[in-house]
Each structure stands twice: as structure tokens, then as C-alpha cells.
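One letter stands for each residue in the lines below.
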Amino acid sequence: MFSGVAPLRAAGPNDVSFLDNRRYILALDETAAGAVIVTADMCDRVPVGAIAIVTATVSEGWARVAELFHPRPPTKPGIHGTATVEEGAVVDPSAEIGAYTLIEAGAEIGANCRIGPYVSVGAGVTIGRDARIGAHVSLSHTHLGCRVTLFPGARIGQEGFGFATTKAGFLSIPQLGRVMIGDDVEIGANSTVDRGSTGDTIIGAGTRLDNLVQIGHNVRIGRCCVIVAQAGIAGSTVLEDFVQVGGQAALTGHLHIGAGARIGGQAGVIGDAAPGAILMGTPAQPRKAFYRQVATLKRLTRDPG
Amino acid sequence: MFSGVAPLRAAGPNDVSFLDNRRYILALDETAAGAVIVTADMCDRVPVGAIAIVTATVSEGWARVAELFHPRPPTKPGIHGTATVEEGAVVDPSAEIGAYTLIEAGAEIGANCRIGPYVSVGAGVTIGRDARIGAHVSLSHTHLGCRVTLFPGARIGQEGFGFATTKAGFLSIPQLGRVMIGDDVEIGANSTVDRGSTGDTIIGAGTRLDNLVQIGHNVRIGRCCVIVAQAGIAGSTVLEDFVQVGGQAALTGHLHIGAGARIGGQAGVIGDAAPGAILMGTPAQPRKAFYRQVATLKRLTRDPG
Amino acid sequence: MFSGVAPLRAAGPNDVSFLDNRRYILALDETAAGAVIVTADMCDRVPVGAIAIVTATVSEGWARVAELFHPRPPTKPGIHGTATVEEGAVVDPSAEIGAYTLIEAGAEIGANCRIGPYVSVGAGVTIGRDARIGAHVSLSHTHLGCRVTLFPGARIGQEGFGFATTKAGFLSIPQLGRVMIGDDVEIGANSTVDRGSTGDTIIGAGTRLDNLVQIGHNVRIGRCCVIVAQAGIAGSTVLEDFVQVGGQAALTGHLHIGAGARIGGQAGVIGDAAPGAILMGTPAQPRKAFYRQVATLKRLTRDPG
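Protein chains in written order, with my numbering: chain A, 7 to 311; chain B, 7 to 311; chain C, 7 to 311.
Chain A extracted, bound-state conformation:
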């Protein structure tokens, strides 16, 4: 019988643990865990006395086991006494509305949502069922699908960076579009997603954004994309499904990034990318070319003669 989960070095005989990165194999040798989730090739390294739970998908196994021991806290239906729900807003009775949260007129909150404290839900915003909205999030001109998670401080739906240059200075271009966020999307802490200028800004189902990510107006992101922390995508760029963008990468505006393309960390992408392309560096280029150039430069420098 197991009572919990723990990392290899902290686990005891009643804990389930896991190894998904060979870097930590010494910790496997020394673990006191009662069971360890591993791939088949690691099986021999599991200490005597520990049960090896063998799977080709350690992360998935770990996710499922850990959730057994640590299920999500249930939603506590009700509206906190300090919250404000304006006339004409609709809050499902099964939803939980946190302290000081503001639901403006015309907004709709679906079943079983957990809305944290200090959340600003602007007029007409709709939130599908089972959402989890963290503290201090602000939402305007936005429609969320089901099971969306927004982490604290995310800013969704404000006007983007759009202006004309005139002789009298900059003139704001009215930003009229919305943000459409699909089912199962997650958006990290303090990330920013601007509303569309004429069309909409779209984030497809299952896509995940890390913290401090910037998404410009009219950007369209497909399904199951991954955008790592501090990356930025400029206005009107389109990402097809399954695109991965590394941390601090930048994509300029009006690009088309094909399905399954992978953009390296800190890359600077200034042109379209074919489906499945792997790009690195600034300006971004195919991975092989990037590494060849890094190697060439090193070689030239070693032998300056």
C-alpha cells in the first residue's frame, strides 16, 4: 500500500517515485522509494526492494499516479461576500467566485468554474465550464472554451499595439476584435494576449502558454501548440497545429509557421516556416545550418592564422 508520491531522493518505502531523465540516474540507485515508474531500459537499476513500474511513457504514468494521491481541490460553489456580480451577468450556481472578483454585465461563467480573487471579468466575456482562473487575471473581449486554465496576472483581451504614424504623432487604430480561446488551453502567469484589431486573436484547443509570453493582435495559434516562457509572437502571425516555440523566442508579424514546426529558444524568426521545420538562431535558420555555423565560427577562431 502506498500513501504518496515523492522525488527519488525524498521518497520512502510508502511512496511512488519516477525517473524520466537520465541525468538523475544516481538518485535511482540510492532511492528508498517503494515503487518507481521507469522505462524498460532502466528496470535493472531499480533497487532491490522497490517495485519497478515499467512504461514507455514515464511522464504520463507519473501524471496519472500523482493525481491519484493529489486530486485537484473541488470547486466550492458560491460567490464570495466581497465579490461583485453586476446586473445581467450570469454565474452558474456550481461556480466558485473568489474574493473581490468583479463580473461585469453580460458576462457568463460556466458550470464548475473556479475563479480566484481579484479577477476582472469584463462585460460580455464568456467562460466555459470547468475553467480555473487564477488571482488578478483580467479578461475583456474574450471567449473561453471549456477547461481553460489561466494563471495569476494573465492579461487577456486588452487593445494591442496598433497605431498610424501621422504628422501630429501616433494615432491609435481602434482595436475591434476579440480573443477566442479553445478548450483545454492553459496560459501562464503574467502572460499577455491582445485582442484582435479587425479579426480575432485565436488560441486553439489544447495549446499551452508558459509565463510572461506575449501574443500580439490577430495572432492565430493552432491546436496543441507549446509556447515556452518569455516568448513573443507579433501581430497577425499564424501558427498551425503542434508548433513548439522555445523560451524567449521571437516571431515577427504576418508570418506563417507550418504544422509541427519547432522554434528554438531565443530564436528570432523573420520568415515563414515549413511544416516540421526546426529553426534556431537570429535570424532563424534550419537547425543543421545553425550548428554548422556555430562550429565554423569556433574553428575559424581557434586557428586565426
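Treat the hints as calculated values from the structure; they're not laboratory data.
Careful: at least some of the hints might be erroneous.
[As the list claims (entries may be wrong)] Quick list of the computed label-pair ranges, beta carbon to beta carbon: (1) A:301 x B:73: 36 to 46 Å; (2) C:305 x A:265: 35 to 45 Å; (3) C:18 x B:301: 52 to 62 Å; (4) B:27 x A:265: 18 to 28 Å; (5) B:114 x A:29: 56 to 66 Å; (6) C:60 x A:301: 43 to 53 Å; (7) C:16 x B:96: 24 to 34 Å; (8) A:265 x B:265: 37 to 47 Å.
[Said to hold, decoys possible] Using 27 Å as the maximum straight-line C-alpha spacing, the simulated DSS-like pairs for lysine-lysine come out as follows: (9) A:294 x C:304; (10) C:294 x C:304; (11) A:294 x B:304; (12) A:304 x C:294; (13) C:294 x B:294; (14) B:304 x A:304; (15) C:294 x A:294; (16) B:294 x A:294; (17) C:304 x B:294; (18) A:304 x A:294; (19) B:304 x B:294; (20) A:304 x B:294; (21) C:304 x B:304.
Beta carbons are placed, not taken as given, at the ideal position from N, Cα and C, and that holds for glycine.
Use these hints to put chains B and C onto chain A, whose structure you have.
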């Protein structure tokens, strides 16, 4: 008679649309818009039945037409019942103060301001007329001119990153300056502007900052500069008027950037820039040199022999 | 007798000023300050009539003198009338709790803390004595030592970016760890620190993070490290004591950075770093190699023949 504005692909016979980027010229061919704002050279491509509104400045034309159909919502004078205005704060009767907003003693809010919910206006902060302050903004030690727009989550006036290294660890250097923000400035969502350490941090009239931009203490930015998302400017650097800084660019401290200089996206600027200079890369260099180096490296790599 | 402190150009006869950067030596020649803190070699440049206060550590001297004239405002004990302290939370009577702040059940606030407005202190969070927590900070699953400073909008303790890729899409991996923050730590505005996934995310005593910094889950940072604005450190990377990370630098996950290592601004670190290493560029390499490569590339480009 027209009833609205829309992008080329969505517009119908009663809509005005526009084309300001040749990338989307196929959408012009197929648009059902009743009128399209275009430059003279695009005039022939406007479909029969649509009116061509010809201008050399499409963006400006679009901005003005779109605003006719979508004027800014008017300010609703009054202080929300959940807001707190401390004794000694002055709020113009024509201003709108949002839910849960806090105006501390000595603060002043000008005529026709729209202050969103959860805005923290610190003691002594002054906000000129016609400001629009988004949700969750925090302001301290700051003076705003007229018609300033701050987007949600902007942090203005906190202490910057200043400390002395001593044998006992780091010792904070008191940060005593203010943030002075000129007329018509816009600052994006979750951007941060630190107060001056001894002098002031200054953002000149008409300048626009995008989302997630970092401005260090004592930075002085001139008029009508443009700072794109996720760029960072370290302490005491000076930007003259009309400087443009690309997304994710970084400027180290104590630099002088001449008027009209343009810093490319992701550039790393570690030295002064002459007026009108165009800099790219890390470390930043003139644009031509940067592209020559990119080409040279590509050539060397293609022919390694 | 002196009445205040001021920068060289603004100081008058009753002010103390300082020079810690040779760039501003002309301002020293012309200052009207009554006294100037300088290093010995600058002594001759101090104008007649001004007192030279000579020290090897100008910044430290300035910090101490400036604090004499501008001591930190004292804590005003008490809980604001609009704040919410849940049953089972413990707030020291000497602490100051700002407007609309929420202290959830099981949280503990130590003596003399100053907690600003709109701070979300989650269930079970503990804050040691003498903390200063800025407006709009959110804290969950976090323990703070003594004298910690968090600037506005910092997000500490939310779930990090952890998921398994399955055939049905991404599956969140439960994030079970905490954030442990040592004494005297400072974290900048709108920075984000994710809770550990299995172990804890740890920030050692005396370490300072600037604005908009991202710290991934399970990262362990030693004592007295410095992380400049917009830098990002991916999950499970370890920084030993006294490491310095420049602005916009990125460290990938699972790295080990030795004590005293220095990572340049915008560097991209994808491998371990030895103690004292100085790394620059993307991919990061030793400083000398980086500058040699920059020089080589310039030379090749100048003489393409």
C-alpha cells in the same frame, strides 16, 4: 451608406475595409466590402462594385474611419461603491473610478479620466485629464500628463534594481526619484517602469510602450518613441526623440541613443548610438554590417573546404 | 549641516551627492553640492567649497547616507477595513495589511510586515518578519524568510509548466512542491516563480531578482545571486551562490551553474557552467571565445576578398 468596418475577408457591402500590407492582396481581389481604403497603386485591384478610397496613408485613414463607427465608450462619472478614496485625495467629479480601486491621500485624478478596477493609485500620484488606466495597474511616485493610457497590470513607480555590494551582502540604495510621464503616452500590459534613483525616470510625450517592456530607473525616453514588446532598457540610458526599439531588444545602462535611431528586434545594444543609426544583432552593430556578417557566415559554412 | 541628498547636477550647498561612474565626471566638476562621496582618485576633481567624502565603496557610502535622510516609512500596524483575514490565519499585531488584501486560512504574517493592497496570500503561506509585499502580489504554496521584499505584481507559487504528451493531447503533471524563499530576498515587479513539481523551488538568502524574471519549477538558486530583468531560468536548473545572470539571459533546464559564475545579458546557456565561469552569447561560451568570434567575424566581413 455604410454601417461598419471589417477586414477584407469578413466585410460585406455595407462595410468599409482597408489594405495596408501587400501580403493580403488576394483578400482584396475577393473582398465583398462596399468600400476599401487603399493606396493609389492598389486602386486597380479593388473589385468592381466596391468604392476605392485612395490615400497615401492607409493606416491613418483606417484609424479615422474605424473610430467613426466605433467611438471610445464615454466616461461614466462617479466612484464605484466598492472603491476607496482616501481623505486628502482629489478626484475630479467627471472622472470614473472603477470597482475596488484605491486612491491614496494626496493623489489627484483629472477630468474625464477612466480608472479601471483594482487600480492602486499611491499617495501623491497625479493623473492628468482624459487618462485611461486599465485594471490592476499600480502607480506610485508617478506623475502622468494628459491623455495617458496604461494597460492592465502595468507597474509604474516601484523601486528599481539598485544596491551596493558589501561584505555583509547586498545593501539597497534608497530610490528617491519619480516617474514623469508625458502627454499621450501609452504603456502596455504588464510592463514595468521603475522610479528614478536620484533623478527621475522620464517618458516623453507621445511615446508608446508595448506589453511586458522593462524600463529601469533614471531612464529618459524622448518624445514619440516606440518600444516593442518585451524590450528592456537598463538604468540611466537616454533615448532621444523618435527612437524605435524592436521586440526583445536590450539596451544596457548609461547609454545615449540619438534621435531617430532604430534598434532591431532582439538586438543587444552595449554602446551609444548616433542619431538615425540602425542597429541589429548582439552585440549590436550597423544593419549593413550585421547582414554582411550573416551572409559571410552562411557562405563560409556552405563551402567548408 | 546637510539637509538632503541629490544627484550631482541637482544638488545644492546643503546636499550630499556622489560619483560612482566616471561617465559623469563632468557633472562633478560643475556640481554645487556641499559634499560629494568619491573614491580617492576623484578627490582632486571635487570643486573647491565642496567637502570630499572619500571611500573605496562609493555605492555603499551613498546607500548609508541616503538612508539617513530618507529612512523607510514605518509600518502602520493594523488591518485595513476593506481587507479580509480568514478564520485560522495569523497576523502579527505589529503588521500592516493593505486595502482589499486577502489572507487565507492557515497563512501566517510575521511581525512588522508591510503588506500592500490587493495582495493574495494563499492558504498556508508564511511570511517572516519585516517583509514588504507590494501591491497586487499573489502568493501560494510559498514560505518567505525574514526581510523579504516582493515588488508589485510578482507571482509566486503557481503551478509550473509541466505536462506529459499523450495521444489525447497534453496531460498536466500535478505540481506538488513549494517555493522556499530565504531571508533578505528581493523579487522584482511582475516576476514569476513557479512552485516545485515534486521538490521545492528555492531562492537562497540575499538573492535579488529584477523585474519580469521567470523562474521555473524546481529551480534552486543559492545565496546572494543577482538575476537581472527579463532573464529566465528553466525548470530544475541549479545556481550555486553568488551567480550573476544578465538581463534577458536564458538558462535551459536541468543545468548546474557553479558558484560565482557570471552569465552575460541575452546569453543562452545550454550546458553546465564551472564555478567562476564567465559566459556570453547564444549558445553561451567563455567570454574570451565570444569576443574572439565577434572580432573574427568582423574581420572576415571587412576583407571579403
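Hints violated by the structure (listed by number, smallest first)
Going through the list in order, the structure violates hint 1 alone and respects the others.
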